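What follows is the residue order along each chain.
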Amino acid sequence: MPEMTMREAIARSLREGLDGDSRVFLMGEDVGAYDGAYAVTRGFLADYGPERIRDTPIAESVLVGSAVGAAMAGLKPIVEIMTINFSLLAMDQIVNNAAKLRYMSNGQFSVPIVIRTVTGGGGQLGATHSQSFEGWFASVPGLKVAVPSTPYDALGLLRSALKDDNPIIYAEHAMLYGMRGEVPDEWYEVPFGQAAIRRPGSDVTIVAYSGTVRIALEAAETMASSKGREAEVIDMRTLRPLDLDTVIESVKKTNRAVVVEEAWSVGGFGAEIASAIQAQAFDHLDGPVARVGSLDVPVPYAQNLEAAVLPSSQRVVQAIEDTFGL
Amino acid sequence: MPQMGFDMHEGTLVRWLKPEGATVQNGEAIAEIETDKAVVEFESYASGVLSKILVSEGTTVPVGQVIAIVGAEGEVVADVAPPRTPIAASAPPESAVAPTVVEVRSSGSGNGSAPPPEVRASPVARKLAQERGIDLAQLVGTGPGGRITKDDVLGAQVAPVTAAAGPAAVAPAAAPAQGGELMPLSRMRQQIARVTVRSKQEKPHFYVSSEIDMTAAMDLRRDINETLEADGVRVTVNDLIIKACVEALRRHPKFNAILEGDGIRFNEAINVGVAIAEEEGLIVPAIMDCAGKSLRDIAVASKDLADRARNGTLHPQEYTGGTFAISNLGMFDVSSFIAIIHPPQTAVLAVGTVAKKPVVRGDEIAVAQMMTATLSADHRVVDGAEGAEFIVDVKRLLESPLSLML
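As given, the protein sequences belong to chains Z and A, one line each in that order. Each residue of the first sequence is one higher than the last, beginning at 1 in my numbering. Each residue of the second sequence is one higher than the last, beginning at 1001 in my numbering.
No lab work stands behind these hints: they were computed from the structure. Hints may contain errors.
In the DMTMM-like style, the derived pairs of lysine to aspartate or glutamate whose C-alpha atoms are separated by at most 20 Å in a straight line are [as the list claims (entries may be wrong)]:
#, chain 1, residue 1, chain 2, residue 2
1, A, K1018, A, E1043
2, Z, K227, A, E1041
3, Z, K253, A, E1268
4, Z, K227, A, E1073
5, A, K1127, A, E1202
6, A, K1357, A, D1383
7, Z, K253, A, D1262
8, A, K1293, A, D1304
9, A, K1357, A, E1211
10, Z, K252, A, D1151
11, Z, K252, A, E1260
12, Z, K252, A, E1131
13, A, K1052, A, E1073
14, A, K1018, A, E1075
15, Z, K163, Z, D21
16, Z, K253, A, E1131
17, A, K1356, A, E1211
18, Z, K163, Z, E189
19, Z, K252, A, D1262
20, Z, K253, A, D1151
21, A, K1127, Z, E249
22, Z, K227, A, D1151
23, Z, K253, Z, D283
24, A, K1200, A, E1131
25, A, K1127, A, D1262
26, A, K1293, A, D1393
27, Z, K253, Z, D243
28, A, K1395, A, E1211
29, Z, K253, A, E1260
30, A, K1127, Z, D283
31, Z, K227, A, E1028
32, A, K1254, A, D1383
33, A, K1303, A, E1226
34, Z, K227, A, E1043
35, A, K1303, A, D1231
36, A, K1018, A, E1028
37, A, K1357, A, E1399
38, Z, K100, Z, D165
39, A, K1356, A, D1213
40, A, K1200, A, E1226
All values derive from a computational prediction rather than experimental measurement.
The task is simple: from the sequences and hints, build the whole structure.
Structure representation (structure tokens):
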């Protein structure tokens, strides 16, 4: 099967959308002349022209607000918010307009926009550019949130997103753009609300998404090689809708769960998953649901401190040992 | 000190296999530990350097005590907490929160006056214990903070005949009226008492017997042993019976299952336990994964099992992993007997001696090598008709023994 990077997979899907539907257009800061801050839209301006590849001012609220208007008027905007940190400026448009209009108009309007944005830390970009807010959006009814961790899913989820009539937050992890993975030539889609078991195991379930899937897989490898314990790694793939069935089924088998996210543990979306596990699988638990997330401080700039604050496979292994004695 | 049976409280460090300072790998044997029943190799949980040995050879220490420290290369292990008090000493105050309830019960503080001790157990451990009728208060938790975990309950479910119960586990008999020597029960006797009482209390046994013509089997065995003589392998009568039972268990998997809560759990592997008499009592280690073994494999495995039972080097899973058992008293010239099912198994086959007897073949009286086998089975799992089908299958297989070679 051919391989490609996450960046190439996303670009392929965007081109499919532009090629297949004349209502689709791209809009964002530096998506055109600069080829995209993360080089996802390289060459798009030359191929599709300034009508469909629109550079915008640094004004996220305007950017999303005008996309909402365009969507209500019948277009299918794909918006790029350069990083999820800047989405805060567009929060009102996303949460109060995009997520609500279909409901409040009793279905007279829908808002089919895809908001692509970049999440996560690890690149020494400092406290204001290294955050993970996808969980905040996932708590809002009316939005859907995709958090791909592989090129295959990046393409498959974006295909599903482009067919959806609802506003979608599509969070690309900053550290995964160069990740290579198999992507078939044949058409496929990855549906929202269907988690993937990345590694089967019988002793503990590690729930992860986006950038933490890699951490979970490393932790599982350590558990197997140094402790002879088999961890099952579940990649949620989307946070809303959330595929709890796969998680619960796994925990009923392993009796132990650890939820790993890159957001701060305090109020993090992992708490929602942990809560669901204890509510739906209480009698199957062999210990409390463990959680690993970022430490409760702003993400530091210094490399060693940043590494200490963000979740790591060592901290996952430690949490499993501390919580379950494995 | 690792816990190698759910009610093992202490173990003796027989021999260190690695000196201080040696490099050890995760899973590598570093010491030999004697439990109540056997000497077991203890494998390191971690890779590194065996920085410090804290328990000298020949010392008996309680389960959970640190016996050695494995550190990183060059890591200095400075001050280590001194070993805890020996097991015979009175319990330290902090043990009041640990779920070792046996001590509390035998404290003689009066009936019902003490509040029930707190039992810390995980939800799944509680659920499993309830399903299987296990008293959590009797277990020692190995999880963080002494929490009783799933593994602790599962370990209790397949309790090996290796570890002794506390004295409270066997109901004391009425005090003797007269003098006469009182011989204290050995650990093994206590354990046998506990297991057999439990089996008879919870399992409604029923019995099905059959007389089996072993003439053809004995002839075949003689031929096989002549063939295998050069290999040094000898097939015993018991090996033929094991092989026949494995085939019958394959056809009747309920006899290889265990009752679990409201269901019958079918074991995937067929592990046939073989009762072995020892000086102090009885053990029933299992030959693991019999389903794929030829008669020759079984002969080799059962000889190996007996040898290792004799020198005390059986693996813990061989004590606990049996899914069916065979008890053979043929060497004692007994015609037949009935056996008690080894919990949590569902059935056991008791076989007597093979002896020449007059039998009717057609309308003639002939001499045949006869053996009586009696199946004990748990009526909660299987019924008499199924027991009959099972034992008749064993009989047919042994009476047409070439089928065991296929």
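Structure-based check of each hint:
For the suggested pair A:K1018 and A:E1043, the alpha carbons sit about 11 Å apart, so the restraint of at most 20 Å is met. Under the criterion of a C-alpha separation no larger than 20 Å, the hint pairing Z:K227 with A:E1041 is consistent with the structure, at around 18 Å. Our distance criterion of 20 Å between C-alpha atoms is met by Z:K253 and A:E1268, whose separation comes to about 17 Å. Restraint check: the Cα-Cα separation between Z:K227 and A:E1073 comes to about 19 Å, which is no more than 20 Å; the hinted pair holds.
Among the hinted pairs, A:K1127 with A:E1202 is consistent with the structure: their alpha-carbon atoms are about 19 Å apart, no more than 20 Å. A distance of roughly 31 Å separates the Cα atoms of A:K1357 and A:D1383; the hinted pair therefore is violated under the 20 Å criterion. Simply put, Z:K253 and A:D1262 have alpha-carbon atoms about 18 Å apart, close enough for the 20 Å limit, and the pair holds. Distance restraint check for A:K1293 and A:D1304: the Cα-Cα separation of roughly 14 Å lies within the 20 Å cut-off, and the hinted pair is therefore satisfied.
Taking the CA atoms of A:K1357 and A:E1211, the gap is near 11 Å; set against the 20 Å cutoff, the hint holds. For the hint pairing Z:K252 with A:D1151, the CA-to-CA distance comes to about 15 Å; that is within 20 Å, so the pair holds. Distance check on the hinted pair: Z:K252 and A:E1260 sit about 17 Å apart at the alpha-carbon level, within 20 Å; holds. Between the alpha carbons of Z:K252 and A:E1131 the distance comes to roughly 16 Å, so the proposed pair stays at or under 20 Å and holds.
Distance check on the hinted pair: A:K1052 and A:E1073 sit about 12 Å apart at the alpha-carbon level, within 20 Å; holds. At roughly 18 Å between alpha-carbon atoms, A:K1018 and A:E1075 fall within 20 Å of each other, so this suggested pair holds. For the proposed pair Z:K163 and Z:D21, the alpha carbon gap of about 10 Å is at most 20 Å, so the pair holds. Taking the CA atoms of Z:K253 and A:E1131, the gap is about 17 Å. The hint holds against a cut of 20 Å.
Among the hinted pairs, A:K1356 with A:E1211 is consistent with the structure: their alpha-carbon atoms are about 12 Å apart, no more than 20 Å. The straight-line distance between the Cα atoms of Z:K163 and Z:E189 is roughly 10 Å, inside the 20 Å bound, and the hint therefore holds. With a CA separation close to 17 Å, the supplied pair Z:K252 and A:D1262 stays within the 20 Å bound. With a C-alpha separation of about 13 Å, the suggested pair Z:K253 and A:D1151 falls inside the 20 Å cut-off, and the hint holds.
Between A:K1127 and Z:E249 the alpha-carbon distance is near 17 Å, which keeps this suggested pair within the 20 Å criterion. At roughly 16 Å between alpha-carbon atoms, Z:K227 and A:D1151 fall within 20 Å of each other, so this suggested pair holds. Distance hint between Z:K253 and Z:D283 is fulfilled; the C-alpha atoms sit about 12 Å from each other, no more than 20 Å. A hinted pair counts as satisfied when its Cα atoms are at most 20 Å apart, and A:K1200 with A:E1131 qualifies at roughly 18 Å.
Taking the CA atoms of A:K1127 and A:D1262, the gap is near 12 Å; set against the 20 Å cutoff, the hint holds. This hinted pair checks out: A:K1293 and A:D1393 have alpha carbons roughly 19 Å apart, not beyond 20 Å. For the suggested pair Z:K253 and Z:D243, the alpha carbons sit about 17 Å apart, so the restraint of at most 20 Å is met. Restraint check: the Cα-Cα separation between A:K1395 and A:E1211 comes to about 8 Å, which is no more than 20 Å; the hinted pair holds.
Proximity of Z:K253 to A:E1260 is assessed by CA-CA distance (about 16 Å); at most 20 Å being required, the pair is judged to hold. Proposed proximity of A:K1127 and Z:D283 is supported: the alpha carbons are some 6 Å apart, at most 20 Å. Between the alpha carbons of Z:K227 and A:E1028 the distance comes to roughly 12 Å, so the proposed pair stays at or under 20 Å and holds. A threshold of 20 Å between alpha carbons decides the hint, and for A:K1254 with A:D1383 the separation of about 10 Å falls inside it, so the pair holds.
For the proposed pair A:K1303 and A:E1226, the alpha carbon gap of about 18 Å is at most 20 Å, so the pair holds. Straight-line distance between C-alpha atoms of Z:K227 and A:E1043 comes to about 12 Å, which keeps the hinted pair within the 20 Å bound. Among the hinted pairs, A:K1303 with A:D1231 is consistent with the structure: their alpha-carbon atoms are about 14 Å apart, no more than 20 Å. A C-alpha spacing of about 10 Å is found between A:K1018 and A:E1028, which places the hinted pair at or below 20 Å, so the restraint holds.
Annotation: proposed proximity of A:K1357 to A:E1399 holds, straight-line Cα distance about 15 Å (limit 20 Å). Only pairs whose Cα atoms come within 20 Å are accepted, and Z:K100 paired with Z:D165 is accepted, the gap being roughly 13 Å. Note on A:K1356 and A:D1213: the hinted pairing holds, with a Cα-Cα distance of about 10 Å set against a maximum of 20 Å. The straight-line distance between the Cα atoms of A:K1200 and A:E1226 is roughly 43 Å, outside the 20 Å bound, and the hint therefore fails.
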